[in-house]
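Enquirer: Those protein sequence lines, which keep their order, are chains U, R and P.
Each residue of the first sequence is one higher than the one before, counting from 1 in this note's numbering.
Each residue of the second sequence is one higher than the one before, counting from 337 in this note's numbering.
Each residue of the third sequence is one higher than the one before, counting from 673 in this note's numbering.
Heads up, simulated SDA-like pairs for lysine to any residue below, C-alpha to C-alpha not over 20 Å straight-line:
(1) R/375 <-> U/240
(2) P/827 <-> U/221
(3) R/580 <-> P/727
(4) P/864 <-> U/43
(5) U/244 <-> R/392
(6) U/155 <-> R/556
(7) R/492 <-> P/886
(8) R/364 <-> U/307
(9) R/492 <-> P/894
(10) R/580 <-> P/724
(11) R/580 <-> P/708
(12) U/54 <-> P/916
(13) U/39 <-> P/916
(14) P/833 <-> U/219
(15) U/280 <-> U/119
Rather than coming from a laboratory, the hints here were simulated on the basis of the structure.
Given next are the chains, with one letter for each unit.
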Amino acid sequence: MEKKYTIATLGSHSALQILKGAKDEGFKTLIIATSDRIKFYQRFTFIDDFVEIKSYTQLLVAEKKLQNKNLILIPHGSFVAYLGIDGNKKITSPYFGNKNVLEWERNRHQQLRWMQTAGLLTPHVFEPKDHIDRPVIVKSYGAEGGTGYFVAHNKKDFTHKIKSFLKKHYLVQEYIIGVPMYLHFFYSPITKSLELLSCDRRYETNVDSLGRLPLAHQESIDITPSFVVVGNSPLALRESLMPKAYDMAEQLIHASKKLIDKRGLWGPFCLETIITPDQKFYVIELSCRIVAGTNLFIDSSLYAAFFYSEPMSTGRRIAREINIAIKRNKLAEILD
Amino acid sequence: MEKKYTIATLGSHSALQILKGAKDEGFKTLIIATSDRIKFYQRFTFIDDFVEIKSYTQLLVAEKKLQNKNLILIPHGSFVAYLGIDGNKKITSPYFGNKNVLEWERNRHQQLRWMQTAGLLTPHVFEPKDHIDRPVIVKSYGAEGGTGYFVAHNKKDFTHKIKSFLKKHYLVQEYIIGVPMYLHFFYSPITKSLELLSCDRRYETNVDSLGRLPLAHQESIDITPSFVVVGNSPLALRESLMPKAYDMAEQLIHASKKLIDKRGLWGPFCLETIITPDQKFYVIELSCRIVAGTNLFIDSSLYAAFFYSEPMSTGRRIAREINIAIKRNKLAEILD
Amino acid sequence: MEKKYTIATLGSHSALQILKGAKDEGFKTLIIATSDRIKFYQRFTFIDDFVEIKSYTQLLVAEKKLQNKNLILIPHGSFVAYLGIDGNKKITSPYFGNKNVLEWERNRHQQLRWMQTAGLLTPHVFEPKDHIDRPVIVKSYGAEGGTGYFVAHNKKDFTHKIKSFLKKHYLVQEYIIGVPMYLHFFYSPITKSLELLSCDRRYETNVDSLGRLPLAHQESIDITPSFVVVGNSPLALRESLMPKAYDMAEQLIHASKKLIDKRGLWGPFCLETIITPDQKFYVIELSCRIVAGTNLFIDSSLYAAFFYSEPMSTGRRIAREINIAIKRNKLAEILD
Chain U
1 MEKKYTIATL
11 GSHSALQILK
21 GAKDEGFKTL
31 IIATSDRIKF
41 YQRFTFIDDF
51 VEIKSYTQLL
61 VAEKKLQNKN
71 LILIPHGSFV
81 AYLGIDGNKK
91 ITSPYFGNKN
101 VLEWERNRHQ
111 QLRWMQTAGL
121 LTPHVFEPKD
131 HIDRPVIVKS
141 YGAEGGTGYF
151 VAHNKKDFTH
161 KIKSFLKKHY
171 LVQEYIIGVP
181 MYLHFFYSPI
191 TKSLELLSCD
201 RRYETNVDSL
211 GRLPLAHQES
221 IDITPSFVVV
231 GNSPLALRES
241 LMPKAYDMAE
251 QLIHASKKLI
261 DKRGLWGPFC
271 LETIITPDQK
281 FYVIELSCRI
291 VAGTNLFIDS
301 SLYAAFFYSE
311 PMSTGRRIAR
321 EINIAIKRNK
331 LAEILD
Chain R
337 MEKKYTIATL
347 GSHSALQILK
357 GAKDEGFKTL
367 IIATSDRIKF
377 YQRFTFIDDF
387 VEIKSYTQLL
397 VAEKKLQNKN
407 LILIPHGSFV
417 AYLGIDGNKK
427 ITSPYFGNKN
437 VLEWERNRHQ
447 QLRWMQTAGL
457 LTPHVFEPKD
467 HIDRPVIVKS
477 YGAEGGTGYF
487 VAHNKKDFTH
497 KIKSFLKKHY
507 LVQEYIIGVP
517 MYLHFFYSPI
527 TKSLELLSCD
537 RRYETNVDSL
547 GRLPLAHQES
557 IDITPSFVVV
567 GNSPLALRES
577 LMPKAYDMAE
587 QLIHASKKLI
597 DKRGLWGPFC
607 LETIITPDQK
617 FYVIELSCRI
627 VAGTNLFIDS
637 SLYAAFFYSE
647 PMSTGRRIAR
657 EINIAIKRNK
667 LAEILD
Chain P
673 MEKKYTIATL
683 GSHSALQILK
693 GAKDEGFKTL
703 IIATSDRIKF
713 YQRFTFIDDF
723 VEIKSYTQLL
733 VAEKKLQNKN
743 LILIPHGSFV
753 AYLGIDGNKK
763 ITSPYFGNKN
773 VLEWERNRHQ
783 QLRWMQTAGL
793 LTPHVFEPKD
803 HIDRPVIVKS
813 YGAEGGTGYF
823 VAHNKKDFTH
833 KIKSFLKKHY
843 LVQEYIIGVP
853 MYLHFFYSPI
863 TKSLELLSCD
873 RRYETNVDSL
883 GRLPLAHQES
893 IDITPSFVVV
903 GNSPLALRES
913 LMPKAYDMAE
923 QLIHASKKLI
933 DKRGLWGPFC
943 LETIITPDQK
953 FYVIELSCRI
963 VAGTNLFIDS
973 SLYAAFFYSE
983 PMSTGRRIAR
993 EINIAIKRNK
1003 LAEILD
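Modelling step: build the complete structure from the supplied sequences, incorporating the hints.
Expert: Have a look at this one:
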């Protein structure tokens, strides 16, 4: 028996994981990809249908033409990056997740307000009038895979570097000395279950190459550190820190219902944290959709065996949620 | 048919892995957890029974009350950290592993004697009267997840830093320049098989963040390096180094029977090594129970497929050993 | 029904993965190992047959004696390292892969020509007469697990270090500032399918320990950086970089048919790249056989689920290819 729905996404970011997961859950799959990538996605037999577009913004035209296909669109990091919030809101196909969350995620100051309302520990933010008295990281708005970042170690360094920084909207955040830990959660509004499925850290060029350069070379070679994400590497989290991780995720969901709308946040999301030597999580950023770090776990997420007896990626977990909702006749509750 | 035994542990460290593995092997499972963590552990349906305690030392009272449950207690890193050796010895429930090993593991000087008797290469240890002529790492006694460590690059640096070091019992060890590699073994005294199941390195805050800090920042920001373990990352070991790894593990087991008692070391243990450019393993520490690095492999250990056709974590391997012992009527041989 | 062929390899590098994969695909397995390693390999029950040799060069004698066993030899990194190209060419047993590729892989200048003919981006190479105007890495010929490398940050540093460098044949390559990403491919000349199965980075002593050393220590301790590979760690590749990765691999296969011979490159191979902040792949080296980084994925390669419903290591993929070829009566097409 053929499933009624076709799970679709944009050809980028975590599309392979999403569509592989959808196929494993019994759905038909469709990808909307730019001309230069269509051939690449055709390598994978778990994708049933291919829709070619010339540029990402054409997604809006394409999805409207596909009304008869009974699509459910699964957004990922490229949706906001390429279409903006307005573009996402114009999507007419059923869309997995709450579109009202997008603005709160995109605007760094609103995101900060959300995190603080949830009681999460966040790095100090410097307002334009503030005196910068410690190392800072400057981040432009939007999820652009780590571009548009720079680090300044003091006021003078900041003043110098900001002059050549081309972004208008940015946040000046205290640079926390600690190790990055990205926590991949899934929250089901149907079963009310919250699951930490896996963890990772980003693999960034060129900062992740600095540590391999001996001092003599670092002194002789002028390197501007950059944070362009080109991959991810897996991590396990110390078990005694897991209760706190779950608490943070719950508080965030709870706050989303107060601040954003009644439905709040659901589906996959990520708390991007820095853990300091006193074992505190500083949350430096939120991603309220599937993150690329979950691509490490296509075969099975690190902690998924705690919840599922079959391999369960975050992509498959999304399709599973749709299946659960269909069975319980609650599909409208998880779509927007 | 219900199994006769309930596998139990303390809610921390690798409890989830241990109890998930026990459930997969058909056992009933029970967790003894402090009040602040009970809710967290209740998220996991593979844990059948929950016993709340107010502090870790109450484990001793709790386990005595559970005599009718036919418990087998599986110790992990938190057992010695929170109860001490005396506390562990006072446990009356059947306990997986040899309690006599605990002292040899805990006391850094005895551990060193054990490793040297086994013929393992260890970093030079400086006695109080010795002249410190190279970089050293100073380690307090006990498994405290990487706290109570410091590095000094010469005699002067050591003399300065030891003044503000609050621990009484510590070891001054040569700092070996090389990469860490933690080797996770399991030894079965029933089948006499030795298995290298996986490898990892610790993920430590803040030392694992230093490499991402450009020189200019390291020069401008005063950072005291710390070694607090907050996670783990997976590694494969070069195959040509595996025979040596197995040899070291066998020598250690052999020496344990001479030094400690007739039964010696069994179950999961970890050789914590630094590999130098001449491909030598310096063993810097032993852990004679399941280590947190195995939490990376809940779904299946890196090398487990060499030995098992189903997913096999170290936690499940322990439960498997208990099953093997039960079938062969040799349970007493692996308990203490 | 017993398979007609026995899959064999030399006891080193990725022999365990290769033979485990062969056993999973239903073949008999045989290892040819030096005396000091026979005992180690006997630990693994998926190896059916053991042939002891005194030194690696004795492989040639040993394999000739095994003509009646219907061997298929699977080469790995140790084959060229220990036997040289001539040794490999003298092998009379059926050999998986194209021996003509070996010279193009081994000679760094020919390898460079191959990569450039394929249109791959490669670091600038300095000829003896050239002025060295940037940081360079000096690499001796041959796959020796990262030994025989050094980095020089300028002309003066190079001139100083080359004096004590003992290798005759080497390449002076621009040192690219970016992060390493090793791409593990498999190409089937039977089905014409190309598969990116996994990615890794090498774990090298001592360079991968430098990042954990605080500045004060790096300043006080004189460390000569070395690149000896002792392990590997897993990575996922950013999805938007995957189309380019596949293109590079296809171009390389295409160029191999023009430059080397009609059959060109097939089976497992690895593009060893550095990714720069502008998201370009610099290909620093090719390995035209199974690489040790795939040992991370004995249980299942990171991206294997895209192509296979059962766990699929690179080792098993080789055996699967042999099975496919046998079924289609095309075995000669993949052997040399």
